[in-house]
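**Student:** The lines below spell out each chain.
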Amino acid sequence: MHRRVFVKDGALALVTMGLSPSFLRRATFGARLEATRKGKILVCLFQRGAADGLNMIIPHGERAYYASRPNIAIPRPRSGANEAAIDLDGFFGLHPALESFERLYRDGLLAPIQAVGSPSATRSHFDAQDYMESGTPDRKSTQDGWLNRYLAVKGTCQECAAAEASPFRAVSMTPQTPRILEGPSATVAMNSLGEFTVRGAGDSAERLEALYRTGEADLVHGAGREMFEAVKLLQSANPQRYQPENGADYPRSQFGQRLREIAQLIKSGVGIEVAFADVGGWDTHVNQGASTGQLAARLTDFSRSIAALVTDLGDRMNDVVILSMSEFGRMVRQNGNGGTDHGHAGAMFVIGGAVRGGKVHGTWPGLEREQLYEGRDLALTTDFRAVFADILTKHLGASNLAPVFPGYDGKAFSVFR
Amino acid sequence: MRRAGSLVTAAAIVLVGTAWSVRSVSGSVARELSAREQAAHVLNRLAFGARPGEIDRVVAMGVDRWIDQQLRPDRVPDRDLEQVMAAYPALRMSSSDLLQEYPPAAVRLVQRRLRGDTMLTREDSMELRRDAQRNREFVSDLLSAKVARAVMSERQLAEVMTDFWENHFNVFIGKGQLRYYLPEYSERTIRPYALGRFRDLLGAVARSPAMLLYLDNAQSVADSGRPTLGGGGFARGRVGRAIVNRRIQRMDSAQRAMVEQVQQRRPRGLNENYARELLELHTLGVDGGYTQQDVIEVARALTGWGVNPPRQAGRGRGAQGGDGFVFRPQAHDAGAKLVLGHTLKAGRGIEDGEEVLDIVSRHPSTAMFISRKLVTRLVSDEPPQDLVERAAATFKRTDGDIREVVRTIVTSAEFFSRPAYRSKVKSPFEVTVSALRALGARADTTPFSASLVGRLGQPLYGHQAPNGWPETGAAWINTGAILNRINLGIVVASGRVPGAPLRGWPPFATLARAPRTEQVDSVIASFLSGRASPETREILASGNNPLMARATADSIMLDDTAAAMGMERGRVVGGGGGRGGRQGGFQRLPQLTGLPQVIGLALGSPEFQRR
Chain W
1 MHRRVFVKDG ALALVTMGLS PSFLRRATFG ARLEATRKGK ILVCLFQRGA ADGLNMIIPH
61 GERAYYASRP NIAIPRPRSG ANEAAIDLDG FFGLHPALES FERLYRDGLL APIQAVGSPS
121 ATRSHFDAQD YMESGTPDRK STQDGWLNRY LAVKGTCQEC AAAEASPFRA VSMTPQTPRI
181 LEGPSATVAM NSLGEFTVRG AGDSAERLEA LYRTGEADLV HGAGREMFEA VKLLQSANPQ
241 RYQPENGADY PRSQFGQRLR EIAQLIKSGV GIEVAFADVG GWDTHVNQGA STGQLAARLT
301 DFSRSIAALV TDLGDRMNDV VILSMSEFGR MVRQNGNGGT DHGHAGAMFV IGGAVRGGKV
361 HGTWPGLERE QLYEGRDLAL TTDFRAVFAD ILTKHLGASN LAPVFPGYDG KAFSVFR
Chain P
418 MRRAGSLVTA AAIVLVGTAW SVRSVSGSVA RELSAREQAA HVLNRLAFGA RPGEIDRVVA
478 MGVDRWIDQQ LRPDRVPDRD LEQVMAAYPA LRMSSSDLLQ EYPPAAVRLV QRRLRGDTML
538 TREDSMELRR DAQRNREFVS DLLSAKVARA VMSERQLAEV MTDFWENHFN VFIGKGQLRY
598 YLPEYSERTI RPYALGRFRD LLGAVARSPA MLLYLDNAQS VADSGRPTLG GGGFARGRVG
658 RAIVNRRIQR MDSAQRAMVE QVQQRRPRGL NENYARELLE LHTLGVDGGY TQQDVIEVAR
718 ALTGWGVNPP RQAGRGRGAQ GGDGFVFRPQ AHDAGAKLVL GHTLKAGRGI EDGEEVLDIV
778 SRHPSTAMFI SRKLVTRLVS DEPPQDLVER AAATFKRTDG DIREVVRTIV TSAEFFSRPA
838 YRSKVKSPFE VTVSALRALG ARADTTPFSA SLVGRLGQPL YGHQAPNGWP ETGAAWINTG
898 AILNRINLGI VVASGRVPGA PLRGWPPFAT LARAPRTEQV DSVIASFLSG RASPETREIL
958 ASGNNPLMAR ATADSIMLDD TAAAMGMERG RVVGGGGGRG GRQGGFQRLP QLTGLPQVIG
1018 LALGSPEFQR R
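The listed protein sequences correspond, in order, to chains W and P. 1 is the number of the first residue of the first sequence in the working numbering; add one for each residue after it. 418 is the number of the first residue of the second sequence in the working numbering; add one for each residue after it.
Worth double-checking, as some hints may not be accurate.
[What the hints assert, rightly or not] The following label-pair restraints were derived from C-beta to C-beta distances: (1) W/Ser236 <-> P/Gln500: 48 to 56 Å; (2) W/Ser236 <-> P/Pro781: 36 to 44 Å; (3) W/Asp138 <-> P/Ala549: 26 to 34 Å; (4) W/Pro184 <-> P/Ser950: 54 to 62 Å; (5) W/Ala121 <-> P/Asp491: 55 to 63 Å; (6) W/Ser236 <-> P/Asp541: 46 to 54 Å; (7) P/Ala447 <-> W/Pro184: 17 to 25 Å.
Simulated from the structure, these hints should not be mistaken for laboratory data. None of the values given here were measured: they were computed from a predicted structure. No residue lacks a Cβ here, since even glycine has one placed at the ideal position from N, Cα and C.
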């Protein structure tokens, strides 16, 4: 496969766009194919709205958990009880709605992290998401996202140098570019794979493409030509009916379908390195429910979608890390509406072949009153940047992270073997 | 004899004066663009694109006269738009009325908690859902109105400048309850001063609840240990705190939880956010010569500038007399301050903040920073330094008269130069509005058009960070963006946008029956200012000839479909507020043929992306 040179100001200098026939043949589905790109991949998932980490990774060994949440705590693990927590290590358990994660945990693929998050005191969704996506807590002047800065800084493995030239190097399955990917490095945001094409096709598309090929080599023409190449690249690897492998069963929700498309992109070898998707509905101030209810429903969709992605990717999971995050956690004590208010530290999940799964990471600070942040929230013991830095260096192979997390020099942390 | 002589002298002076002023308007250098190009240029830069026949009208009137008129929007009648705006009553309501009329979910919850209810009944859930729906409606009115104004107003330069300042003084609709303060922000804070004095605009923004909430100044109070003015605030003193704490001990756990929650939200000290962005983004610019210490001093000066909570239902007006801006002396840091070399005496109140605004608006870096941004928006992504300096000189000379600074810029040789012509790339807002204007569209009172702008990557009032949307093309143009713009062209050309049926474009009916080459010529003249290479012309022309295709009738029917779909004031589900409105009609688009295809190709072409 020849390399395309993408000049930063948008004027595309096409060396060759040689899609060799063998590449096309290999980019089909159902077939076991070796990845044409050997690069490592990061799938970032943002739970928007401050997901309740304490009811996701349940500290069933903590007395205070049950004392603070008389109506919404998840019962201690007990055999035969569907509504009880799924025990992980004798102290922590999973919410029963996360049962799709149990197998991943036992197989050593899933590393839950507790008491992780942002040192910022803000409890504003808007600000906290901003800080977690810009990678600079309490600094509002940062204009780009940390994943975009990583794209500028980095390199994956040697043989994937070609990956840098792909227009699909960073893809966000969202209608607009999310803050985390904002910045000078090129990224693509698309609502769905099916929409990444010229609509009302037929000869309009061909004509439009021709329009972008004639005329001056300038910013607009360059981006246009590049777009048509990208659409073709995607179409050559994206037949109408995609078949997930290994019996993976994606929920029919928007989140599930977006993960399915990420799987498609990964398998199609278009050169994806970073994928992003988000899912909302976590701001459970009212009636969050316990083992069943609002939060449980969100967690069911969440875990089944991710588990389906892992199943679908099969052996490729050796090169993939899936990371979930949320802007902060929720208060320890339930509120007067059967829900929880904004908190501080929260929970993350890291899933991947190279991950040291099967144990709960992070340092547990405890839930007794004097152990809480401001007397009400789970205290922070791991900065989110430590987790991100760990993945960027150990998994994606970045060497210099100073520009990615300016002003951060926290202690080392790793979920990898 | 002497009188006649002086009369002649006076007449000579008047004549010379007139000649001078004429020359100053048309520039002392002959312009590089033809009269027609100049007309197209001003309609692209000082307006949101030409409507059908508008280039001719501007040529006939004379481009300089058009500019003069637009620089005095108060003298330009705008009756059509006024009628359209009557369809948006929410935008004339005060923020406290909006809060009562469209209460956020939290208010109902608090009301219930105060009544002692703990469980949500089904009726409550439905009520909450209705509240959420109504909230979406008033938000989508706000977004829809912004598009409608840009499409329909005769005061186009005022619209362009309002858009510029709304971006310069960016606020984010998704933060807290900011949306209730947005109508006021747009209509009564930015718009009235968009071509006025910069200091007046800055002052209005600094007092606006929208900005005070967005950049957290509303919760900035003097650090403990600092002297404040009067009031003292009972609970902040040592004795007061002890009494309050004893009271709290005696409460039951539920009440205590509520009090603790309120206390968590109470401001704890100085908040530097607004002060920093005031200096970095609004006035001097990041290299304008201020220090971190200046930021702190400015923040101290602005303590006490806050938002009066709106009246609750059933309660009388607050002590300050209603909603909006309030100055709280007991939160104001009354110590002496040193801001950018100026000493602010101790013991003053609101004057501290006012003086800071005076200082920063008169700072030489501000004149340069603002001028540079204006030249970037109006002239070129690479603003010519000489023009920036002349504009800054005007800024300084007129003490920040925005109208005069704009006049300096848009009557300059650089503005009308060949390198500036069609050199800028349209933002998503600009490309959407200009496509609608090119079709002679009327206002779309549904959220549809606004959602299209969001789909292209610029959700209105949806920029989270205070720096606002980029002013340069490179930031807007990327692979995905081009795709969305092409698809926008197809959506518009399929007649799906309410208010923009294809038959609204005057030549449409006759042209639909004409041969393809004639259609192409007309479309290129109308939508692309007549500028297209022979290859482009050929590409557009090589489609189906409508005289031969049976698809003609189908294509004309497309615009009736939109009307039949009843996309009037009915609520299109999932309005355009906040991040990512996912509808927006990019699904199930018909195949365009004939004249609609030519229009769609033109709107999606590289030429149409430029202004």
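**Student:** Which of the listed hints are broken here?
**Tutor:** Numbers 2, 4, 5, 7 - these are the hints that the structure violates, sorted from lowest upward.
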